[in-house]
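Chemist: Fit chains B and C to the known structure of chain A by using the hints.
If you want the building blocks of each chain, they are given just below.
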Amino acid sequence: MAEKYKVLYYVNQFFGQIGGEDKAGIEPMYKEETVGPALGFNGLISEEGEVIGTIICGDNYFNENKEEAMKFILDIVKKTNPDIVVTGPAFNAGRYGMACGEIAKAIVEQLNIPAVTGMYVENPGVDVCKGQVIIASTSDSAAGMRKALPVMANIVKKIVKGEELGLPEEEGYIPQGKRLTVFSDKRGSQRAVEMLLARLNDEPFETELPMPVFDKVNPAEAIKDLSKATIALVTSGGIVPKGNPDRIQSASAQKWGKYDVSEKDALGADYCTIHGGYDPVYANELPDRVAPLDMLKQYEKDGVIGKVYEYFYTTTGTGTSVGNAMKFGKEIGKELKEAGVDGVILTST
Amino acid sequence: MVKEIERYGLPIVHMATITTISQSVGANRIVPTVAIPHPVGNPSLPHEEEMDLRRKLVKKALDALQTEVSEPTQFE
Amino acid sequence: MKLELRRIHIKDIQFGDKLAVENGVLTVNKEDLIEKLKEDERIKDIKVDIARPGEKVRIIPVKDVIEPRVKIEGAGNGFPGASTKIAQLGDGKVNVLYGAAVVTVGDIVGFQEGVVDMWGEGAKWTPFSKTYNLVVDITPVEGLDPHTHEATVRLAGLKAAEFIGEAGRKVEPDEVLTYEMESNALETKKYPDLPKVLYVEMLISQGLLHDGYIYGVNSQLILPTLIHPNEELDGAVISGNCVAACDKITTYQHQNNSVILDLYAQHGKTINFLGVILTPELTTLEGKFRTCDYTAKLCKTLGADGVIVSEEGYGNPDSDLVMICKRLENAGIKTALITDECSGRDGMSQPLTDTASEAVAVVSTGNVSHVVTLPPADKVIGNAESIATLAGGWDGALLEDGTLMCELNAVIGATSEIGYHNCTVKLY
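Protein chains in written order, with the working numbering: chain A, 22 to 370; chain B, 804 to 879; chain C, 18 to 445.
Worth flagging that the hints you see were computed from the coordinates, not collected in a lab.
Please read all numbers here as calculations on a predicted model, not as lab measurements.
Hints may be right or wrong, so weigh each one.
[What the hints assert, rightly or not] What the simulated footprint calls covered on chain A by chain C, stretch by stretch (three residues with Cβ under 8 Å from a Cβ of chain C suffice, anywhere in the stretch; the number is not a length):
id, segment
1, 32-40
2, 88-100
3, 194-207
4, 233-246
5, 299-310
6, 331-341
[Stated by the list, open to error] Part of the chain C face toward chain A, derived, beta carbon under 8 Å:
id, residue
7, 195
8, 212
9, 284
10, 323
11, 359
12, 361
13, 366
14, 368
15, 382
16, 406
17, 408
18, 420
19, 439
20, 443
[Stated by the list, open to error] Derived lysine-lysine pairs resembling BS3-like cross-links, with alpha carbons at most 25 Å apart:
id, chain 1, residue 1, chain 2, residue 2
21, A, 199, C, 443
22, A, 358, A, 245
23, B, 863, A, 245
24, B, 859, A, 328
25, B, 862, A, 328
26, A, 279, B, 862
27, C, 443, A, 178
28, B, 862, A, 245
29, B, 862, A, 249
30, B, 863, A, 328
31, A, 182, A, 199
32, C, 102, C, 53
33, B, 859, A, 249
34, A, 92, A, 44
35, A, 285, B, 863
36, C, 443, A, 179
37, C, 102, A, 207
38, C, 102, C, 28
39, A, 207, C, 141
40, A, 328, A, 245
Quick reminder that beta carbons are idealized off the backbone N, C-alpha and C, glycines included.
Only chain A is shown next, with the shape it has when bound in the complex (with noise of 0.2 Å):
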């Protein structure tokens, strides 16, 4: 048989078996054997992998001490080179969740080697990694430890393995909130009507789609002198230089572009749209209809206003995800706070 993969374990005082709150502050150490959970995890995956270590750290030291203790642990996994390190698990337990997770993220943020952990849903530990690590979803107390070890070693065995992981449910591991699209055996339709009789026959039923929440930004101060006021223009519908010289997406857009109108009365003739989501015939016509810089521009020579910003920005706003709205809204909002502009209007199609 080959070689067996090696499993590099972390635990806390507790599990490490050195002490409970009176000991939550002892340094990071390694010991070459299998400690507390460790130990029940060999004898799961026995057949094929092997514990190589377990890593213990107090929780206090962790969580008052990062780089420290981080160094410590990457610099462990560095020399002992793991195909795998596992964590926790940490149940509800808040420093230990925050530990095990953080330390599994930058195992795998900076050391590109896999991690698992194992947590309570509600364990603060879980938002810090859930992006980059698989969690296996465990009760919220240490009870829990022997229904949850056989869940992360099948976890840990396909990871090695290159075997895909099923659905979070299958898998017994908590939703990275990645939405992925895979095929289903009955077509759309077919799933609506099924939906619709269970609710009018008051039968139980799952929404494939649950609803998106926004969150909520504090709006900012109102501009005290407009007539000393920058104003940016910015659009998501798509104007661009004709030729679209930075190939902007027509859809889903994955970049935006910022172009010099310091010198221009409007967007006029030079200027098109992109965009895939709207009849474009009117906005070529006259782009001003969706970014009206010939009237910023008025309101400039007119004093209304102090001066409009050099740079108009634009991207195109169909289908393009709230992720990357965000990131150019962040990228956007980064040069036009740094190039002090006053306020910015925004238009959309």
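Modeler: Using the frame of chain A, we list chains B and C on its own:
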């Protein structure tokens, strides 16, 4: 995009036709516009009237930027 | 109304001397078809090709797909109001060349056209990899404005389907499907205890390449309207080559609307299917409020207990979808919605642009930004380069060896929001 720009403390006005979406998403200053393919224009109007329409819409947006708000507000 | 869809199973398409169906093989005389379509003086050139399931053929940029049929009994052959004289549809007998499709391609008009792969990975993502496709490549004369260009291409597709459909006029069908429903009053008398169900089919109605047509009437111009499901199955609704390829409702999908068919299958058993309400998705807020109110009012007036609502497109129509849902649920009418989602290439983004807490039962037909890699084809019908400008494509999406990387956005029918295909989304 609107929210992320506002997070820098920059007042921003969203000129959009489907203001229901702006509100759901959480824009704070909203100016309703004409139609999706031409938010600040109307090709069916004579040139002068269309210019006037756009001038007024942009003025509304500028006014919105000078107005303190505490929650998502539409400037009709 | 009583409509018979008499299916003649097509197992191959060949070019030949005459137009005929023999033993399931459809023979088409290319020159005759070209001559017929060139009667329209706005058309400069027509090319015709065949793409069969399993062949390593890529068709791009696809505008519409149409099922070839001929009406042998009852009023209205073809697409009344759009390509033929107006007539009341929904009654009679139609011979269907089942398994065959007319696929229109040609110069790109906008960004909404798409790709159909007949084999391998790409075939999984589109329902039109399973049909024998007669591909009509249309080149209009120069100088047409975009609206006329689109109309020319749209009409040519319909005409081609009518022309080909004639081949089935005298052929005995392999199966006969009967769709029969009388007035709501009579049906309700027959099935007094079954819950009454309506289908609200939303149609993009937003200008060039974004309009649906009902008996030739642009859906932009209508108030939401009630039609008998048979009318749509009989060709009353056609595609204006709308929106992104993945979720546009092609004319073929109107002719075979899967929600209508699946509701019909339950009619008289578990539900009393009342009919279809066609609702435009408009570009103004006033318009959206008006159509959503009006749609909800029709559902209430007809006494619906449950409603299925299907969207067309994404982005601003998400708002119409949740507004209709909200109004229905608040009136005590239960809904099930069908939509696709824009969750980003990594699937980590919020799936819709608008939201309503009332939307508790939603079918997702896939993420339009899901990226697929389609291996090189042996033969490309149309123009492979056009992927750079299609919605869902990008510059560089076509690799040097002919491999195509694109979002589902660009694949015809991939995330059909009438649930015609079997994609869905799972949370990982």
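Chemist: If a hint holds in the structure, say so; if it doesn't, say that too.
Modeler: Outcome of the hint check:
1. Three residues within the 8 Å Cβ limit are the bar, and the segment 32-40 of chain A against chain C gives 0, so the coverage statement is violated.
2. Counting residues of the segment 88-100 of chain A whose beta carbon lies closer than 8 Å to any beta carbon of chain C gives 0, which falls below the threshold of three, so the coverage claim is violated.
3. With 12 residues carrying a beta carbon less than 8 Å from a beta carbon of chain C, the segment 194-207 of chain A meets the three-residue requirement, and the given coverage holds.
4. Here the segment 233-246 of chain A counts 3 residues with a CB under 8 Å from a CB of chain C, which clears the bar of 3, and the coverage holds.
5. Check result for the segment 299-310 of chain A against chain C: holds, 4 residues qualifying (beta carbon to beta carbon below 8 Å, three or more required).
6. A stretch counts as covered by a chain when three or more of its residues have a beta carbon under 8 Å from one of that chain; for the segment 331-341 of chain A and chain C the count is 4, and the coverage holds.
7. For residue 195 of chain C, the interface hint is violated, the least distance from its beta-carbon to any beta-carbon of chain A being 20 Å, above 8 Å.
8. With a cut of 8 Å, the hint placing residue 212 of chain C at the interface with chain A holds, because the nearest CB-to-CB distance is about 5 Å.
9. With a least beta-carbon distance of about 11 Å to chain A, the hint placing residue 284 of chain C at the interface is violated under the 8 Å criterion.
10. Of the supplied interface hints, the one on residue 323 of chain C holds, with its beta-carbon coming within about 5 Å of a beta-carbon of chain A, less than 8 Å.
11. Contact between residue 359 of chain C and chain A, as hinted, is supported at the beta carbon level, the nearest pair being about 5 Å apart and thus within 8 Å.
12. Given the 8 Å rule on beta carbons, the hint for residue 361 of chain C holds: about 3 Å separates it from the nearest Cβ of chain A.
13. Taking 8 Å as the C-beta contact cut-off toward chain A, the hint placing residue 366 of chain C at the interface holds, the least distance being around 4 Å.
14. Taking 8 Å as the C-beta cut-off, the interface hint given for residue 368 of chain C holds, the closest approach to chain A being about 6 Å.
15. Below 8 Å, beta-carbon pairs count as interface contacts, and residue 382 of chain C has one with chain A at about 4 Å; its hint therefore holds.
16. Because the smallest distance between the Cβ of residue 406 of chain C and any Cβ of chain A comes to about 7 Å, under 8 Å, the interface hint for this residue holds.
17. Satisfaction of the interface hint for residue 408 of chain C is found here, the shortest Cβ-Cβ separation to chain A being roughly 4 Å, below the 8 Å cut-off.
18. The closest approach between the C-beta of residue 420 of chain C and any C-beta of chain A is roughly 19 Å, which is over the 8 Å cut-off, so the hint fails.
19. A least Cβ separation of about 5 Å between residue 439 of chain C and chain A falls short of the 8 Å threshold, and the interface hint therefore holds.
20. With a least beta-carbon distance of about 5 Å to chain A, the hint placing residue 443 of chain C at the interface is held under the 8 Å criterion.
21. About 8 Å separates the Cα atoms of residue 199 of chain A and residue 443 of chain C, which keeps this hinted pair within 25 Å; it holds.
22. Restraint check for residue 358 of chain A and residue 245 of chain A: satisfied, since their Cα atoms lie roughly 17 Å apart, inside the 25 Å limit.
23. For the proposed pair residue 863 of chain B and residue 245 of chain A, the alpha carbon gap of about 16 Å is at most 25 Å, so the pair holds.
24. Distance check on the hinted pair: residue 859 of chain B and residue 328 of chain A sit about 18 Å apart at the alpha-carbon level, within 25 Å; holds.
25. Taking the CA atoms of residue 862 of chain B and residue 328 of chain A, the gap is about 15 Å. The hint holds against a cut of 25 Å.
26. In summary, the hint linking residue 279 of chain A to residue 862 of chain B is supported, as the alpha carbons are separated by about 24 Å, within the 25 Å threshold.
27. For the hint linking residue 443 of chain C to residue 178 of chain A, the alpha-carbon distance of about 23 Å falls within 25 Å, and the restraint holds.
28. With a CA separation close to 16 Å, the supplied pair residue 862 of chain B and residue 245 of chain A stays within the 25 Å bound.
29. Between the alpha carbons of residue 862 of chain B and residue 249 of chain A the distance comes to roughly 16 Å, so the proposed pair stays at or under 25 Å and holds.
30. With a C-alpha separation of about 17 Å, the suggested pair residue 863 of chain B and residue 328 of chain A falls inside the 25 Å cut-off, and the hint holds.
31. For the suggested pair residue 182 of chain A and residue 199 of chain A, the alpha carbons sit about 22 Å apart, so the restraint of at most 25 Å is met.
32. With a C-alpha separation of about 18 Å, the suggested pairing of residue 102 of chain C with residue 53 of chain C holds against the 25 Å cut-off.
33. About 20 Å separates the Cα atoms of residue 859 of chain B and residue 249 of chain A, which keeps this hinted pair within 25 Å; it holds.
34. The suggested pairing of residue 92 of chain A with residue 44 of chain A holds, with an alpha-carbon distance near 21 Å, which does not exceed 25 Å.
35. A hinted pair counts as satisfied when its Cα atoms are at most 25 Å apart, and residue 285 of chain A with residue 863 of chain B qualifies at roughly 23 Å.
36. In summary, the hint linking residue 443 of chain C to residue 179 of chain A is supported, as the alpha carbons are separated by about 20 Å, within the 25 Å threshold.
37. Proposed proximity of residue 102 of chain C and residue 207 of chain A is contradicted: the alpha carbons are some 38 Å apart, above 25 Å.
38. Simply put, residue 102 of chain C and residue 28 of chain C have alpha-carbon atoms about 32 Å apart, too far for the 25 Å limit, and the pair is violated.
39. At most 25 Å may separate the alpha-carbon atoms for a hinted pair to count; residue 207 of chain A and residue 141 of chain C meet this at roughly 14 Å.
40. A distance of roughly 15 Å separates the Cα atoms of residue 328 of chain A and residue 245 of chain A; the hinted pair therefore holds under the 25 Å criterion.
In summary, the numbered hints that this structure violates are 1, 2, 7, 9, 18, 37, 38.
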